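Enquirer: Sequence:
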Amino acid sequence: MAATSIIWDLGGTLVDTYPDVDRALVQALEEPLTPARLHEVALLTRKSSAHAISVLAERYGVPEETLQAAYDATKETWRVQPAPVMDGAREVLAAVHAGGGLNLVATHRDRHSALTLLEGLDLDVDDLVCAPDGFPRKPDPAMHLALLERHDLEPAAVLAVGDRPVDVAAAQAAGIRGVLLGTPGVPLHAAGARRIDGLRELLEELPAGERDGTGQRHGQG
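Each residue of the sequence shown is one higher than the one before, starting from 0 at the first, in numbering that gives the first Met the number 0.
Please note that the accuracy of each hint is not assured.
[Claimed, not checked] Between beta-carbon pairs, the in silico distance windows are:
{"#": "1", "residue 1": "Gly191", "residue 2": "Arg136", "range": "32 to 38 Å"}
{"#": "2", "residue 1": "Ala155", "residue 2": "Thr33", "range": "15 to 21 Å"}
{"#": "3", "residue 1": "Glu153", "residue 2": "Arg58", "range": "22 to 28 Å"}
{"#": "4", "residue 1": "Arg58", "residue 2": "Leu202", "range": "24 to 30 Å"}
{"#": "5", "residue 1": "Pro183", "residue 2": "Glu148", "range": "35 to 41 Å"}
{"#": "6", "residue 1": "Arg193", "residue 2": "Ala72", "range": "34 to 40 Å"}
{"#": "7", "residue 1": "Leu32", "residue 2": "Asp71", "range": "31 to 37 Å"}
{"#": "8", "residue 1": "Glu118", "residue 2": "His150", "range": "31 to 37 Å"}
{"#": "9", "residue 1": "Asp71", "residue 2": "Glu203", "range": "26 to 32 Å"}
None of these hints come from the bench; they were simulated from the model. Predicted, not measured: the structure shown is a model, and the values here were computed from it. Built from N, CA and C at the ideal position, the CB exists for glycine as well.
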């Protein structure tokens, strides 16, 4: 059955936030921005920012508060200079709408941070649930289940796309087919889910709808 709707993770999936975060943490360590150091941090942030901050603080003897402040400052800069949209994201978002589906977001970010990114980048999503609103974090499926119930969606008609194994695990626990967006050079376990290298690969999972090669809708008024 072709998927008609997508539940998206936000940072690292719809929005390319990792490079900004990785650079900020390396700078907070007062280390040079070398490819090796950035890769070291990337291996940690792809699990979670909290994990990266905890490990780096112990590894480098830097207070967690210093690293957390650098992370928070990075999020604040996105108010005026948002991180870029992930390559192919706008095309897939448009294709979902063209096929009559919904673009939904399930994120660990607080609502203010999530809306800052979405509104600053003019990303057209239909609904948003945030863990700090009272949902347990992934891999718990609560956010996915809430979106399914809220929009009366059948799990078989939904994909869930994320950049971390917990995104896939949450989707699978909700009966949804998960897709893992890979990060070059970062080994991630997809737990039997499909792994993609770029978001445009999702287009083959969607109904053709009334879209052209750009994924734009036609004849919708």
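Enquirer: All the hints need checking, so say for each whether the structure fits it.
Expert: Hint-by-hint comparison with the structure:
no. : hint                         : in the structure
1   : Gly191 to Arg136: 32 to 38 Å : 21 Å, violated
2   : Ala155 to Thr33: 15 to 21 Å  : 46 Å, violated
3   : Glu153 to Arg58: 22 to 28 Å  : 46 Å, violated
4   : Arg58 to Leu202: 24 to 30 Å  : 41 Å, violated
5   : Pro183 to Glu148: 35 to 41 Å : 36 Å, holds
6   : Arg193 to Ala72: 34 to 40 Å  : 36 Å, holds
7   : Leu32 to Asp71: 31 to 37 Å   : 20 Å, violated
8   : Glu118 to His150: 31 to 37 Å : 21 Å, violated
9   : Asp71 to Glu203: 26 to 32 Å  : 39 Å, violated
Hints 1, 2, 3, 4, 7, 8 and 9 from the earlier list are contradicted by this structure; the remaining hints agree with it.
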